[in-house]
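Numbering (the numbering used here), first residue to last: 1 to 283.
Keep in mind that a hint or two might mislead.
Unchecked claim - Straight-line Cα separation of at most 20 Å, SDA-like style, residue types lysine to any residue; simulated pairs:
1. 275 to 201
2. 156 to 268
3. 34 to 97
4. 156 to 166
5. 263 to 216
6. 155 to 83
7. 156 to 74
To be verified - Pair ranges (Cβ atoms, derived):
8. 162 to 255: 36 to 42 Å
9. 268 to 217: 16 to 22 Å
10. 202 to 164: 18 to 24 Å
11. 207 to 274: 41 to 47 Å
12. 211 to 5: 24 to 30 Å
13. 36 to 274: 40 to 46 Å
14. 36 to 211: 33 to 39 Å
FYI, nobody ran anything at the bench for these hints, they're computed from the structure.
No residue lacks a Cβ here, since even glycine has one placed at the ideal position from N, Cα and C.
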Amino acid sequence: MKVHEALKWASSFLEERNLEQPVAQILLRHHLQKDLTQLYMAMHDELTLEQQERFTDDIHAYADGTPVQHLTGVEQFYDRTFIVNQDVLIPRPETEELVQGLLQRIEKKYPDQAQLKVVDVGTGSGAIAITLALESERLQVSAVDISEAALSVAKKNDEHLHADVAWVHGDLLQPLIEADANVDVVVSNPPYIPLADEVTLSPYVSQKEPASALYGGEDGLDFYRRLAEEIPLVTGEHAIVAFEIGAGQGEAVSQLLQERIPKANVEVVLDINGKDRMVFAEW
Numbered sequence: 001m002k003v004h005e006a007l008k009w010a011s012s013f014l015e016e017r018n019l020e021q022p023v024a025q026i027l028l029r030h031h032l033q034k035d036l037t038q039l040y041m042a043m044h045d046e047l048t049l050e051q052q053e054r055f056t057d058d059i060h061a062y063a064d065g066t067p068v069q070h071l072t073g074v075e076q077f078y079d080r081t082f083i084v085n086q087d088v089l090i091p092r093p094e095t096e097e098l099v100q101g102l103l104q105r106i107e108k109k110y111p112d113q114a115q116l117k118v119v120d121v122g123t124g125s126g127a128i129a130i131t132l133a134l135e136s137e138r139l140q141v142s143a144v145d146i147s148e149a150a151l152s153v154a155k156k157n158d159e160h161l162h163a164d165v166a167w168v169h170g171d172l173l174q175p176l177i178e179a180d181a182n183v184d185v186v187v188s189n190p191p192y193i194p195l196a197d198e199v200t201l202s203p204y205v206s207q208k209e210p211a212s213a214l215y216g217g218e219d220g221l222d223f224y225r226r227l228a229e230e231i232p233l234v235t236g237e238h239a240i241v242a243f244e245i246g247a248g249q250g251e252a253v254s255q256l257l258q259e260r261i262p263k264a265n266v267e268v269v270l271d272i273n274g275k276d277r278m279v280f281a282e283w
């Protein structure tokens, strides 16, 4: 089978099942180790039997509910390649907006401060922490996760991206509280899906991504409640807090922060699709 024939077969196979056809190209590039230009130049090349079998197996696996990122082992975030697997949440484009918004606010609030301490809570793959560290050299970034398996993935990402993040095993901000540590910035994309919404999720999410990174209790707000209580214990006179939230949670999360940190200026920001997706607090 030639490359163009494999691509045509896979695209038709996915179209018949109302699945994303571009996945065929992503998987074929993965197995051939080619970028898009190289793939087009190789359209009339013959696949080896092994390449053909592995590509076919992956197309069927995707059709059966395995995320394409678990088949390739990577996802792009902020123009960098991150390792992902079943132990971490796959980074989403919306989270790039959180990082961008936070970087802008850091530059505005702390234009002259040489070094700032940042903690990413519930880091997962490490995408937020590593991106912040690489985008601004003055950020001294630490990252916390309760999952040792997730931290293992994050550390691998740090190794190949050379971000030099301090990785901490623990429950939310408890390790910092116990160490009597102070930070200038707290950022988190915690689990925020209400338990009742599980039935509405794509099986690619509900069956393949870690439940501990998805669900935030009955109303999805459990982790925001805890963070709102813990943040005042690790911040000083001035700080920035940045949360990713689920659609429709902006008002509730804002209220939680305002109640625990009355001096904070809290702002709900919409994502590119017009949904409330980020909450920022500054004081």
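Residue 263 and residue 216: Cα distance at most 20 Å?
-> Not satisfied, since the Cα-Cα distance of roughly 26 Å exceeds 20 Å.
Pair hint outcome, residue 156 versus residue 74 [Cα-Cα no greater than 20 Å] = holds, 12 Å
Between residue 162 and residue 255, is the Cβ distance one that fits in 36 to 42 Å?
-> Roughly 40 Å apart at Cβ, these two residues keep to the hinted range, so it holds.
Mind checking the alpha carbons of residue 34 and residue 97 for me, to see if they're no more than 20 Å apart?
-> Answer violated: residue 34 to residue 97 is near 29 Å, above 20 Å.
Do residue 36 and residue 274 keep their Cβ atoms within the hinted range of 40 to 46 Å?
-> Given about 30 Å between the Cβ atoms, the range is violated.
Proposed proximity, residue 201 with residue 275 (alpha carbon, max 20 Å) | OK: residue 275 and residue 201 at ~17 Å, within 20 Å.
Please work out if residue 155 and residue 83 have their alpha carbons no farther apart than 20 Å.
-> Satisfied, since the Cα-Cα distance of roughly 10 Å is no more than 20 Å.
Is it true that residue 268 and residue 217 lie within 16 to 22 Å of each other by Cβ?
-> holds, 20 Å
Consistency of beta-carbon spacing, residue 274 to residue 207, with hint 41 to 47 Å | Since the Cβ atoms of residue 207 and residue 274 sit about 29 Å apart, the hinted range of 41 to 47 Å is violated.
Is it true that residue 36 and residue 211 lie within 33 to 39 Å of each other by Cβ?
-> Holds, at about 35 Å.
Outcome for the supplied range 24 to 30 Å, where the beta carbon pair is residue 211 and residue 5 = 40 Å Cβ-Cβ, so the 24 to 30 Å window is violated.
Under the criterion that the straight-line Cα-Cα distance not exceed 20 Å, is the pair residue 156, residue 166 satisfied?
-> holds, 13 Å
Checked against the numbered hints listed earlier, the structure breaks hints 2, 3, 5, 10, 11, 12 and 13; every other hint is satisfied.
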